[in-house]
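Engineer: Here is how the chains run, residue by residue.
2 protein chains.
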Amino acid sequence: MSDVVFYEVFKEEKRALEKFLPAKIRARFVSKTVQECGGGLPSARLISVRTQSRIPPEWAEHLGGIFTRSQGYDHLVAYQRAAGKNVACGYIKEYCSRAVAEQAALVMMALLRKLKKQMLSFGTFSRDGLTGRECRGRHALVVGVGNIGKEIVTVARGLGMTVKGVDPRRGVEGLDYVALAKGLSWADVVFCACPVTDKTKAMLDYHVLRKVKKGAIFVNVGRGEISPAKDLARLLSEGILGGIGLDVFDEEHSLADSLRARRADVRARRMSKLKDKSNVVFTPHNAFNTREALEGKARLSAEAVVRFLRRGTFPDPVPER
Amino acid sequence: MSDVVFYEVFKEEKRALEKFLPAKIRARFVSKTVQECGGGLPSARLISVRTQSRIPPEWAEHLGGIFTRSQGYDHLVAYQRAAGKNVACGYIKEYCSRAVAEQAALVMMALLRKLKKQMLSFGTFSRDGLTGRECRGRHALVVGVGNIGKEIVTVARGLGMTVKGVDPRRGVEGLDYVALAKGLSWADVVFCACPVTDKTKAMLDYHVLRKVKKGAIFVNVGRGEISPAKDLARLLSEGILGGIGLDVFDEEHSLADSLRARRADVRARRMSKLKDKSNVVFTPHNAFNTREALEGKARLSAEAVVRFLRRGTFPDPVPER
Numbered sequence: 001m002s003d004v005v006f007y008e009v010f011k012e013e014k015r016a017l018e019k020f021l022p023a024k025i026r027a028r029f030v031s032k033t034v035q036e037c038g039g040g041l042p043s044a045r046l047i048s049v050r051t052q053s054r055i056p057p058e059w060a061e062h063l064g065g066i067f068t069r070s071q072g073y074d075h076l077v078a079y080q081r082a083a084g085k086n087v088a089c090g091y092i093k094e095y096c097s098r099a100v101a102e103q104a105a106l107v108m109m110a111l112l113r114k115l116k117k118q119m120l121s122f123g124t125f126s127r128d129g130l131t132g133r134e135c136r137g138r139h140a141l142v143v144g145v146g147n148i149g150k151e152i153v154t155v156a157r158g159l160g161m162t163v164k165g166v167d168p169r170r171g172v173e174g175l176d177y178v179a180l181a182k183g184l185s186w187a188d189v190v191f192c193a194c195p196v197t198d199k200t201k202a203m204l205d206y207h208v209l210r211k212v213k214k215g216a217i218f219v220n221v222g223r224g225e226i227s228p229a230k231d232l233a234r235l236l237s238e239g240i241l242g243g244i245g246l247d248v249f250d251e252e253h254s255l256a257d258s259l260r261a262r263r264a265d266v267r268a269r270r271m272s273k274l275k276d277k278s279n280v281v282f283t284p285h286n287a288f289n290t291r292e293a294l295e296g297k298a299r300l301s302a303e304a305v306v307r308f309l310r311r312g313t314f315p316d317p318v319p320e321r
Numbered sequence: 001m002s003d004v005v006f007y008e009v010f011k012e013e014k015r016a017l018e019k020f021l022p023a024k025i026r027a028r029f030v031s032k033t034v035q036e037c038g039g040g041l042p043s044a045r046l047i048s049v050r051t052q053s054r055i056p057p058e059w060a061e062h063l064g065g066i067f068t069r070s071q072g073y074d075h076l077v078a079y080q081r082a083a084g085k086n087v088a089c090g091y092i093k094e095y096c097s098r099a100v101a102e103q104a105a106l107v108m109m110a111l112l113r114k115l116k117k118q119m120l121s122f123g124t125f126s127r128d129g130l131t132g133r134e135c136r137g138r139h140a141l142v143v144g145v146g147n148i149g150k151e152i153v154t155v156a157r158g159l160g161m162t163v164k165g166v167d168p169r170r171g172v173e174g175l176d177y178v179a180l181a182k183g184l185s186w187a188d189v190v191f192c193a194c195p196v197t198d199k200t201k202a203m204l205d206y207h208v209l210r211k212v213k214k215g216a217i218f219v220n221v222g223r224g225e226i227s228p229a230k231d232l233a234r235l236l237s238e239g240i241l242g243g244i245g246l247d248v249f250d251e252e253h254s255l256a257d258s259l260r261a262r263r264a265d266v267r268a269r270r271m272s273k274l275k276d277k278s279n280v281v282f283t284p285h286n287a288f289n290t291r292e293a294l295e296g297k298a299r300l301s302a303e304a305v306v307r308f309l310r311r312g313t314f315p316d317p318v319p320e321r
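Keeping their order, the protein sequence lines are chains A and C.
Quick note: the first sequence, position 146, residue 146 per the working numbering, numbers continuous.
Quick note: the second sequence, position 169, residue 169 per the working numbering, numbers continuous.
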């Protein structure tokens with residue numbers, strides 16, 4: 001029996017976690033998701049996941065706590081609903097906002113400047129079709145101005161852009177907040193940095209996003225459910241959007257399972273085809289992944305585990321909704 | 001007979017030039033370089049090139065003027081020396097500094113965040129080996145703080161970096177200038193934004209650049225002759241540099257000729273192999289290429305041509321050295 005099982009752990013993360021966990025804690029590290037590990041009961045009362053594990057509802061009887069090593073916790077809210085039993089859930093309030101914001105800006109610039117096509121054109125040293133757009137002076141709309149959105153505002157301003165925000169809580173001083181529809185028709189680039197809730201689900205679907213300025217770039221570092229990939233593919237093929245950059249995907253766990261298992265089901269095939277377009281940048285939910293963020297995350301995760309094992313509570317419990 | 005022949009014109013550039021040139025000027029547009037057009041004499045007294053044409057020395061007898069549609073003019077200085085006759089030469093003092101600086105920042109971020117590997121890893125939705133580095137708080141060294149270098153300072157600071165400069169003319173107020181060797185051992189990212197002169201040629205070769213901090217990123221948007229690709233390949237393979245981003249290449253015209261003609265000579269093959277590495281970003285001398293810069297460049301080129309045809313002088317003549 002272990003004290004805690006960490007699922008979905010990648011190499012660099014394991015090293016960082018081991019650095020911060022006290023030696024007396026018996027921790028097991030698994031690179032797979034819960035569902036990829038197959039059936040059976042949990043081998044510890046405390047488990048830690050990221051965002052792609054689907055925890056069986058019947059585990060609720062055996063679990064004392066679930067800790068997600070992510071700023072998003074929609075998957076744990078959904079689990080508590082499905083399990084019908086209150087399992088203590090914790091998350092990390094803030095560890096990667098800067099990392100995510102910088103990746104959002106990188107992907108935006110890659111799309112504005114047609115970086116994929118530029119790299120491909122090195123092979124023929126041709127410049128046809130490579131004219132891009134500068135950041136300076138362009139309009140950026142940040143939908144969802146929480147910790148990550150706020151940092152995107154900072155980075156986009158640093159690149160000389162004019163920025164507006166969409167958020168019911170108008171919490172950032174000096175930021176011009178607008179209604180969504182108005183912002184969409186104004187922006188050259190739209191960033192989605194929302195958590196997924198009942199209100200934000202499909203909030204940026206085909207019918208809403210088609211109001212963007214023709215050729216606008218859309219970058220999602222929030223959650224895929226807010227803006228399903230098939231809607232974005234349609235907006236791209238109709239020439240309404242000029243480029244899409246996604247680090248998050250709707251039904252991401254099943255998509256990730258298929259891709260990892262090399263199961264070429266219909267959706268995985270469709271997404272792989274889409275990712276090959278020159279105006280599409282797909283990354284595997286990796287925007288958080290910097291040395292700086294990883295170090296902070298491992299330290300906060302170790303602290304949360306130590307506290308839960310000692311007192312049965314998390315420093316940042318998932319709020320009840 | 002035409003009034004002017006524009007060589008090395010790509011599609012978007014032709015449209016922009018036609019927009020600004022007066023209708024009465026008889027202009028011919030050629031996508032090829034001068035050498036790709038084969039032998040014969042020039043078909044106009046005024047020709048306009050970019051950076052990859054090699055103009056035969058014997059043309060000097062027949063040419064009234066040469067106008068380069070670039071901020072760099074080292075190739076025209078070399079031509080005047082080789083031709084031994086004074087042909088009036090003009091260039092564009094400033095039209096694309098922002099475009100080049102933003103591309104330099106984009107390529108830096110792509111390397112810091114392993115963007116190529118991230119995109120590739122979407123296919124297996126794995127995060128192993130994808131941990132990147134943030135810009136914020138990192139050290140950027142700008143070697144060559146002219147128009148372009150100055151703009152790189154602005155963009156890098158906008159991204160939260162600490163910036164130092166290397167330049168004999170310490171022209172930017174508030175910028176910390178350092179000696180090259182000192183700057184190299186301090187920097188996480190080294191930008192080369194120099195023109196090529198007798199002094200800068202091979203200035204950042206293997207023996208100089210090996211003094212960088214281990215794992216530093218090197219981005220060249222100046223000229224390839226300052227830092228030959230084979231030296232950079234060696235620094236990469238020895239693990240001294242952590243990534244290279246090149247928009248310019250030594251012996252660029254012959255490399256470009258080979259690539260365009262699909263001649264797989266030894267150098268083209270070596271460079272193609274190098275470009276496929278995940279920590280290498282090669283672009284085809286395209287950092288200047290934004291809508292904004294293209295518009296400004298076409299306007300300034302048309303003005304220079306009109307003035308030369310009327311008065312025989314250029315608004316910005318290539319300085320004699």
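Simulated from the structure, these hints should not be mistaken for laboratory data.
There may be inaccurate statements among the hints.
Because identical chains cannot be distinguished in the list, a pair is counted as satisfied if it fits within a single copy or across any two copies.
[Stated by the list, open to error] Heads up, simulated SDA-like pairs for lysine to any residue below, C-alpha to C-alpha not over 25 Å straight-line:
| id | residue 1 | residue 2 |
| --- | --- | --- |
| 1 | 150 | 137 |
| 2 | 201 | 83 |
| 3 | 85 | 291 |
| 4 | 32 | 45 |
| 5 | 11 | 116 |
| 6 | 116 | 126 |
| 7 | 11 | 34 |
| 8 | 93 | 128 |
| 9 | 14 | 185 |
| 10 | 150 | 30 |
| 11 | 211 | 62 |
| 12 | 277 | 18 |
Engineer: None of the hints should be skipped; say for each whether it holds.
Structural biologist: Hint check results:
1. 150 with 137: both (19 Å within a copy, 18 Å between copies)
2. 201 with 83: within (21 Å within a copy, 68 Å between copies)
3. 85 with 291: Neither. Shortest intra-copy (37 Å) and inter-copy (57 Å) distances fail the 25 Å Cα cut-off.
4. 32 with 45: So residue 32 and residue 45 pass the 25 Å test inside one copy only (18 Å; across, 70 Å).
5. 11 with 116: Between. Shortest inter-copy distance 19 Å satisfies the 25 Å Cα cut-off; intra-copy 28 Å does not.
6. 116 with 126: both (14 Å within a copy, 21 Å between copies)
7. 11 with 34: within (17 Å within a copy, 53 Å between copies)
8. 93 with 128: between (46 Å within a copy, 24 Å between copies)
9. 14 with 185: Cα proximity of residue 14 and residue 185: none, with 44 Å in one copy and 31 Å across.
10. 150 with 30: neither (33 Å within a copy, 48 Å between copies)
11. 211 with 62: neither (48 Å within a copy, 57 Å between copies)
12. 277 with 18: neither (40 Å within a copy, 31 Å between copies)
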